[in-house]
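Using the sequences plus the hints, can you model the full thing?
Below, each chain spelled out in residue letters.
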Amino acid sequence: MSKQGKSIWDTLENIPREVLYGILLVVFVIPMIYPLGLPIPVSANTQKWYQTIEALPPGSVVMIDFGYSGGGEPELGPMAVAVYHHLFRKGGIKVICMSTSIEGPQLWDKAMAELRPEEKYGVQYGVDYINIGYIAGTETAMAAIGKDLRATTSTDYKGNPLSQYTIMDGITDASSFDLLLCYTTGGDQSEGWVRQWYTVYETPYMCSVLAMMVPTMLPYQNAGQIISVTSGAQAGEMETLVRVPARGIKSADVITLTHLLCLVYVAVGNIAYLGKRFSGGSK
Amino acid sequence: MSTTLKKTIPVAIVFVVALIVMMDYFIIMPPVDTAGKSWTNTAVRDLQNWGVILTAFSLGFGAVNLFYFHSKHISRRTPNQWQFSLWLLIVIVIFTVTGVAMGPSSDQYNWLYNASYFALSATVYSSLGFYMTSGLYRALRLKNVESGIFLVVGLIVLAKNAPAMAVYFPVLGTWVSFISDVLTTSAQRGIMIGGALGAISLGIRTMTGRETGFLGRLTEEERGGGGTA
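Note that the protein sequences, when read in sequence, are chains A and B. With the first sequence counted from 1, adding 7 to any position gets you this note's numbering. With the second sequence counted from 1, adding 114 to any position gets you this note's numbering.
Derived from the structure by calculation, the hints contain no laboratory data. These numbers were taken from a predicted model, which means no experiment stands behind them. C-beta: ideal position from N, C-alpha, C; glycine also. Among the hints, erroneous ones may be present.
[Claimed, not checked] In silico PhoX-like cross-links for lysine-lysine, where the CA-CA straight-line distance does not exceed 25 Å: (1) A:K55 <-> A:K257; (2) A:K257 <-> A:K127; (3) A:K283 <-> B:K257; (4) A:K97 <-> A:K55; (5) A:K257 <-> A:K283; (6) B:K186 <-> A:K13.
[Said to hold, decoys possible] Non-contacting residues of chain A with respect to chain B, defined by C-beta distances greater than 10 Å in every case (computed): (7) S14; (8) L31; (9) I60; (10) V69; (11) H93; (12) F95; (13) K97; (14) G98; (15) K117; (16) V134; (17) G144; (18) P168; (19) G231; (20) G243.
Here it is, written out as structure tokens:
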């Protein structure tokens with residue numbers, strides 16, 4: 008420390024992390040308790056995702072991979088629920104779910120508890136939707152299911168034979184599906200489905216991933232291998248389109264405010280750094 | 115163990131399996147059945163299902179190995195470790211017993227998962243937000259031209275990702291589209307193509323026995339490098 012003590016730039020540059028965390032916590036908690044209702048734009052990709060489902064003809068079969076882990080649930084869960092709302096509300100769509108994540112079946116149960124599909128949409132497990140459970144092996148599992156679903160698994164996630172469910176009638180392999188959706192926290196899954204299903208069977212495919220994974224997935228979308236890539240953080244947009252306000256819309260306020268705080272942090276950090284530099288305190 | 119058993123036979127198995135899987139993808143080998151599928155289709159289907167079963171088995175094997183490893187810490191009372199090992203084994207037993215007795219889709223198992231692992235997992239992941247914010251404050255600084263470019267691009271993307279900001283400043287959408295569709299995509303494609311070429315090269319080396327990492331520890335002689343072990 009110099010004889011003159013710390014300058015204001017030093018103080019500003021070295022704000023204790025506890026202070027930074029504390030401000031972030033306040034900015035995070037306030038909109039959770041008092042939602043601000045800030046506007047939510049609907050991005051082109053979310054719109055494309057919505058339109059793709061909207062264009063599915065009655066009788067279409069959709070495969071969903073619940074490929075995320077518990078850590079990613081707060082981000083991806085609301086998106087998965089909003090899309091299920093859309094599928095069930097549209098009606099006439101068979102929705103078959105599987106998991107490439109070992110936690111998938113538990114997270115699917117959680118999503119269903121939030122959805123209450125029987126109560127809200129009058130759909131029935133085993134007739135309109137089903138979960139065939141966790142299939143180990145990630146890309147090997149994708150390839151095996153695509154080649155022969157019944158040879159890979161013969162029971163649903165509860166251990167009941169698939170043959171007892173009418174939804175599974177005529178479902179044999181990847182060619183039985185009209186659309187593939189994947190929610191995942193892992194690149195193995197989001198990219199694996201491109202390699203194992205789109206490339207081999209040309210199954211139309213959309214995925215929702217963690218926001219930080221989107222740049223990795225964009226080349227696939229720009230090459231036409233994925234119809235739409237969204238991040239779980241865009242769940243609010245999907246809820247707006249589906250008109251089922253829930254966790255996604257609530258978290259949009261939090262995302263806006265925390266991002267603005269980050270911009271303020273960067274600005275203050277740079278003012279402090281440049282102030283110190285130009286006052287001769289640092290090279 | 116002889117080199118034949120340790121290297122030649124495993125490499126031959128890998129070579130044959132890889133060849134069948136690739137043949138199934140690229141060519142239709144006669145005889146073809148009434149559905150237009152060749153014999154390789156059935157063979158690959160079975161191989162893939164073996165893969166699924168082996169992966170599931172390895173999960174169970176991993177749990178057994180975990181038990182073995184942590185039991186040693188407990189019996190040796192390894193300082194600052196054995197208590198955690200004991201707790202880990204207790205948790206594994208609770209989850210396993212509940213899952214086997216009540217079923218992995220039972221309310222009891224789901225409660226256990228939601229009340230413990232899920233809550234902890236989401237908390238740990240969410241705590242990253244705090245570290246990232248602090249990191250952002252200290253690291254994203256205008257130190258030179260490169261960091262300046264990084265700073266500007268970072269700020270644009272950060273601002274656009276705030277939903278309300280994208281509404282009030284629609285131009286951010288155009289800028290971010292350019293960044294993601296042109297800059298990011300081109301850089302990512304380069305990385306992906308490089309990775310894919312590397313994977314092909316590794317595959318060929320593994321098939322031909324030049325890459326022996328998957329066989330575990332081999333002597334120089336077993337690896338085919340000659341010399342004494």
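List of violated hint numbers, smallest to largest: 5, 6, 8, 15, 17, 20
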